[in-house]
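In order, the protein sequences belong to chains A and B.
When you read off a place in the first sequence, starting at 1, and then add 23, the result is the number in the numbering used here.
When you read off a place in the second sequence, starting at 1, and then add 23, the result is the number in the numbering used here.
None of these hints come from the bench; they were simulated from the model.
It is possible that some hints are incorrect.
To be verified - Only some residues are given here: those of chain B computed to face chain A with a beta carbon under 10 Å:
# : residue
1 : Trp-73
2 : Gly-93
3 : Gly-143
4 : Met-178
Ideal placement from N, C-alpha and C gives every residue a C-beta, glycine not left out.
2 protein chains.
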Amino acid sequence: MKCPTLVLTVAAVVLVLTGTLGLRAQSGPNDAPRYENGADLVFPADYRTWTFLGAGIGMTYEEEGGAGNGQMFSNVFVNPSSHAHFMETGAWPDGTTFMLEFRQSDSAASINQAGRFQTGLAFLEAEVKDSRFEDGWAFYQFGPGGNLRDVAPRMTGDAVEPCIKCHTEHTAVERTFVQFYPTLLEVAREKGTLKPGF
Amino acid sequence: MKCPTLVLTVAAVVLVLTGTLGLRAQSGPNDAPRYENGADLVFPADYRTWTFLGAGIGMTYEEEGGAGNGQMFSNVFVNPSSHAHFMETGAWPDGTTFMLEFRQSDSAASINQAGRFQTGLAFLEAEVKDSRFEDGWAFYQFGPGGNLRDVAPRMTGDAVEPCIKCHTEHTAVERTFVQFYPTLLEVAREKGTLKPGF
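Please build the complete structure, drawing on both the sequences and the hints.
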């Protein structure tokens, strides 16, 4: 009788521990992209707690000629599990999600005399690596701050052509502008994943 | 013979699971400040995966007069558990750690025509809320990029006076410049934790 009781007790402990593990897995980071209709991206509401890669000011898209964006900040965030993967390998796993937010700026407020700091959200965009899609990456616009979409349709056709062209021709690693993310640039250099010319 | 073997096997499984749990606990968020000698701050090497609050460019300390810092970015990160607490309450818990990094900037590279983006780390500072200290907050300098301290001594005396003065007189919430962190500013307004005048 002693042995079966002990086995049962230990088995119960195993179950409890397994349950705890399961709970931890569930409450831990779950930062994979969620889709509707297989391709439309559900807004990742917690993206501001993702890993920050870098900020710029007045960064313009080539085709926009640089007008009107001189005082706008851009912040780039990536989902944490993909960031961890990049730090190990210098490459992006499937499911990698970049969030690019544009923010207005202000100056001459509080102690700040001359510089500029970030204020309201102007526009929010996303880029997702997903091997199911033709080019391997998809692009999304969540729209203007204050009126963000809950679900952004995958950009297609003429609308996405400039995104694909620019992210193909001018990016340092895969379809991403690692040349603007200093902590990643070092890793990509070390891992040998930079494109020629970078 | 059969029972002891089974018990040993199950016990081994328990040990493996416990080990996994321990490993998970260690690799999970543990973002409280670590001190040496009770007050000197151990460098939080993973601060770049903490929550990003905001960036500025050319942000200058009052006493510096704004010279020479016009092209320098500043990024502010806070430990994730304190960020979560702030989002609930509009206030900072004990152990809150701010990391302030200054980064050089560059322009006219790659597709970027006119704007500026962040490059190498120039200097790294920290601010910690800890009720054990006289003012309730401590200030640290980890030094220049490429030569960061493993442990930063708590700033005292004349060296810390300007920090305390400015963080007392010009901050929107407690000793922190929430007026420069747009996502926190909304929360502080809602929770009623902004100082008068903000």
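Legend entry - Numbers of unmet hints, in rising order: 4
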